[in-house]
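Enquirer: Given chain A, work out where chains B and C should sit, using these hints.
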Amino acid sequence: MALISNGEFVTDEWRRLADEEALPEKGKIIVSQDRLDNALKAPRANGDIGVIIDNTLEIDKLTPVLAKLGLIAITFPTFADGRGFSLARLIRRAGYRGELRASGRLLADQYAHALGCGFDTVEIPDDLAQRQNETQWRSASKTHQRTYQCGYISSGSILDARRKATQ
Amino acid sequence: MSINNSNTLSRINSPKTTYQYDQFDKNFIRERVAEFREQVRRRLDGSLTEEEFRPFRLMNGLYLQLHAYMLRVAIPYGTLTSQQMRRLAEIADRWDKGYGHFTTRQNLQYNWPKLIDTPDILEALAEVDMHAIQTSGNCIRNVTADHFAGVAADEIEDPRPTAEFLRQWSSAHPEFSFLPRKFKIAITGATHDRAATLAHDIGLRLVQNASGDIGYCVIIGGGLGRSPFIGKIIREYVPRAALLAYLEAIMRVYNRYGRRDNKYKARIKILVHEKGIETIRAAVEKEFAAMDHTAFQQDTQEFERVAASFAPPPYETLPSESSKLTKARLETPAFDHFVSVNVSKHKIAGYAIVTVSLKPINGIPGDATSHQMCVLADACDRFGFGELRVSHEQNIILPHVKKDDLYTLWQTLDAADLATANAGLVSDIISCPGLDYCSLATARSIPIAQAISLRFSDMARQRRIGKLGIKISGCINACGHHHIGAIGVLGLEKKGQESYQITLGGDPGFSASIGEILGPGVSADQVPEVIEHLVDFYLAERQENEAFIDTWRRLGHARFKDVLRREGEDGADI
Amino acid sequence: MTKFKHPQILLASNLKDGEVVFLGHNGWERDFRHARIAKSQEEAQILETIGKTDYSANIIVDVYLTDVEITDDGAPRPLHYREKMRIKGPSVRHDLGKQARGAPDEH
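Protein chains in written order, with our numbering: chain A, 25 to 191; chain B, 4 to 577; chain C, 657 to 763.
Hints are computed from structural coordinates only; laboratory data are not their basis.
Check each hint, because a few of them may be wrong.
Dumping the calculated DSSO-like pairs for lysine-lysine here, alpha-carbon to alpha-carbon at most 27 angstroms [what the hints assert, rightly or not]:
{"id": "1", "chain 1": "C", "residue 1": "K659", "chain 2": "B", "residue 2": "K117"}
{"id": "2", "chain 1": "C", "residue 1": "K672", "chain 2": "B", "residue 2": "K117"}
{"id": "3", "chain 1": "B", "residue 1": "K498", "chain 2": "C", "residue 2": "K695"}
{"id": "4", "chain 1": "B", "residue 1": "K19", "chain 2": "A", "residue 2": "K188"}
{"id": "5", "chain 1": "C", "residue 1": "K740", "chain 2": "B", "residue 2": "K498"}
{"id": "6", "chain 1": "C", "residue 1": "K672", "chain 2": "B", "residue 2": "K100"}
{"id": "7", "chain 1": "A", "residue 1": "K50", "chain 2": "A", "residue 2": "K92"}
{"id": "8", "chain 1": "B", "residue 1": "K470", "chain 2": "B", "residue 2": "K498"}
{"id": "9", "chain 1": "B", "residue 1": "K348", "chain 2": "B", "residue 2": "K19"}
{"id": "10", "chain 1": "A", "residue 1": "K188", "chain 2": "A", "residue 2": "K166"}
{"id": "11", "chain 1": "C", "residue 1": "K661", "chain 2": "B", "residue 2": "K498"}
{"id": "12", "chain 1": "C", "residue 1": "K659", "chain 2": "B", "residue 2": "K498"}
{"id": "13", "chain 1": "C", "residue 1": "K659", "chain 2": "B", "residue 2": "K497"}
Chain C is faced by these chain B residues, among others (derived, beta-carbon under 10 angstroms) [claimed, not checked]:
{"id": "14", "residue": "G49"}
{"id": "15", "residue": "T52"}
{"id": "16", "residue": "E126"}
Glycine included, each C-beta is placed from N, C-alpha and C at the ideal position.
Isolated chain A (complex conformation) (with noise of 0.2 angstroms):
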């Protein structure tokens, strides 16, 4: 897997558990949804856990701890499931602060969307990191640098330009 923040590829300070792995001592690690109450409830310095979740699950399933999760993942099975920009949106606005990562097959071409919802990684298969190499990421960081909608993340949404220009 390769993983890219602002628009380069960066070296994975998580790691993925395997669900039949021993939970270690210490470390940044990645339980799947289905671990994550019995992971939270052992011993760990805060913020070391991280969950991967379905992009159909509840919010409401995650909001009592939220606070304690130092990385959420949302999977996108194909680059063409838009839902994970939905859940990313309502993990931001349910108060989450930490890292939000996008794993799947996203293209460089989603980055903005990914940006745009709340989303600071993206994680994609080494494959899909061949074609798509860190220059592409690094440009497609910049391919949307104004949009129109408000309450994205974005460069700046136009309306808030509008507004600052006309006065």
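Expert: Below, chains B and C alone, put in the same frame as chain A:
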């Protein structure tokens, strides 16, 4: 690459009656052109596979069809300036084959562009503030509106400012660009629904509440295609300041819960049908209540800014009747017919709305040559404040013509084969391109439209028949709106042959209904004959001023079915 | 896999310009009369393999086999009306598409 030798930019002397792009709008579409140019490059070098590239080319209006690519250019809310129409003609000549096809969603399609030329075409469009953004793909599509917007006598408010407001809000939406399926919004501000709002994913109607404020009645879950549904009201009244927030709530519910397991069940109409409108309403209201509304605080101000650019043109004060017009009608019967059929009432005294039919007898519905586009551009500069409209019936409208000018305009149109006096009549047929162009089609539609129009080529007979909407689709996706045609024709494949299923009783208006199937499919040759029998029966049975649909409703479907059975017994092979 | 009933040709669309092309003996041809005709399941599979390779090489898209009959002059003739349309051009505009360049215009 731009069209440098063009004189289009120097010819603007018409008033601004439609939305004017500011620097931010211009930058936005230029950014999108640059992005698509890069995507084409990355497709060709293999960075993007076809499967990956497909949604992005579709979101830029580019399809791969039977013979070539097809580019669908957005004509938001069907409004076009003369300058933009000239540019469409130039593109047709330079990069396509000298013509274009106006569609049932008020767009224009070029049938022969090359992938490698498309970025240049988009750039040429951007120069005149046009684009092809979201004319396809699983995103919010080009917003359509009443083609008589702003000039209709039966209007509460011009729907175009709202449509433009929505165009901006829906463009390159970070959250709603990968929906379960396409999403179409139509809007009307009139008491007659000319925008088929009940047949859209979202239909909006401008309404006034008890205290006189203008807001929106929001309808969801309408749509044609494989499973046609008439839309249902989700909320009777949404104040203007809350419109975007409310639509965002609908979109979020749809994006999260719309089905993705089956492309034929992925539209919001299926979600509404399966869960029930009450459940969806509750989910939308819950989301609406939970939303952070601070992001929408500028909406009213922004709406006002957009609305201000739709100022009415500088109309002259004129008497409501024109003696010049009266005289010309008496002297020239063909012109008189044109006026009675193709000219509609304008809200301003002394002006009229002219429908230019793109349905000549034996023609291809919706097609216009680059020459005709230029004639229309010149005509509206001369007679109509430089503004044109495209109707979902695939015709062109000159929305503000002085009654005194109608005769000269008619002569101009006639010289370019644009004066067919059949607006709304039996030969004003809506037709998708069908299997002559479209890769999804199961049968041809255009030759059927041609054969029907030839069968009814006697214009006096057409006028006797009166308003009658025939709509033809070449596959179940229903781009030709066959479900809501008083007479609908659907082309299918049956045992390796083209076969046509006829429906009766469809209605696109506020009293919308889905047509009922007449009987087993018939062959292409038989369609005009079957329709003629049905029309003859209607003529024999109708009461005074009764439209086809009303006779059908009064007599019932069975009586019309009987017509065909009887004809069959008489020896006709149907 | 369905049983091999008719001879087949492989058609696709050229990626760069979208025109319909047919796999011939020396690459992709724009005239169907130069299409290579598969007369057995094995031959059809060879065509398909070439198609897949060229699809992966970003030369053509929308590639598939279609059933044909062989006419007296040895040229393939598609059996389905959709492909009959594709080898010529729109039936309502004989001045456009391949038929305008001299392909047979009977539909």
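Enquirer: Taking the hints in turn, state whether each one holds.
Expert: Outcome of the hint check:
Between C/K659 and B/K117 the alpha-carbon distance is near 37 angstroms, which puts this suggested pair outside the 27 angstroms criterion. As the CA atoms of C/K672 and B/K117 are separated by approximately 6 angstroms, the hinted pair is consistent with the 27 angstroms bound. The hinted pair formed by B/K498 and C/K695 meets the criterion: a straight-line CA distance of about 24 angstroms does not exceed 27 angstroms. Between B/K19 and A/K188 the alpha-carbon distance is near 24 angstroms, which keeps this suggested pair within the 27 angstroms criterion.
The hinted pair formed by C/K740 and B/K498 meets the criterion: a straight-line CA distance of about 16 angstroms does not exceed 27 angstroms. Restraint check: the Cα-Cα separation between C/K672 and B/K100 comes to about 17 angstroms, which is no more than 27 angstroms; the hinted pair holds. The straight-line distance between the Cα atoms of A/K50 and A/K92 is roughly 15 angstroms, inside the 27 angstroms bound, and the hint therefore holds. Proposed proximity of B/K470 and B/K498 is contradicted: the alpha carbons are some 35 angstroms apart, above 27 angstroms.
Using a Cα cut-off of 27 angstroms, the hinted pair B/K348 and B/K19 holds, with the two alpha carbons roughly 22 angstroms apart. Simply put, A/K188 and A/K166 have alpha-carbon atoms about 22 angstroms apart, close enough for the 27 angstroms limit, and the pair holds. Simply put, C/K661 and B/K498 have alpha-carbon atoms about 17 angstroms apart, close enough for the 27 angstroms limit, and the pair holds. With a C-alpha separation of about 19 angstroms, the suggested pair C/K659 and B/K498 falls inside the 27 angstroms cut-off, and the hint holds.
Between the alpha carbons of C/K659 and B/K497 the distance comes to roughly 22 angstroms, so the proposed pair stays at or under 27 angstroms and holds. Because the smallest distance between the Cβ of B/G49 and any Cβ of chain C comes to about 5 angstroms, under 10 angstroms, the interface hint for this residue holds. For B/T52, the shortest C-beta to C-beta distance to chain C is roughly 8 angstroms, which falls under 10 angstroms, so the interface hint holds. Taking 10 angstroms as the C-beta contact cut-off toward chain C, the hint placing B/E126 at the interface is violated, the least distance being around 18 angstroms.
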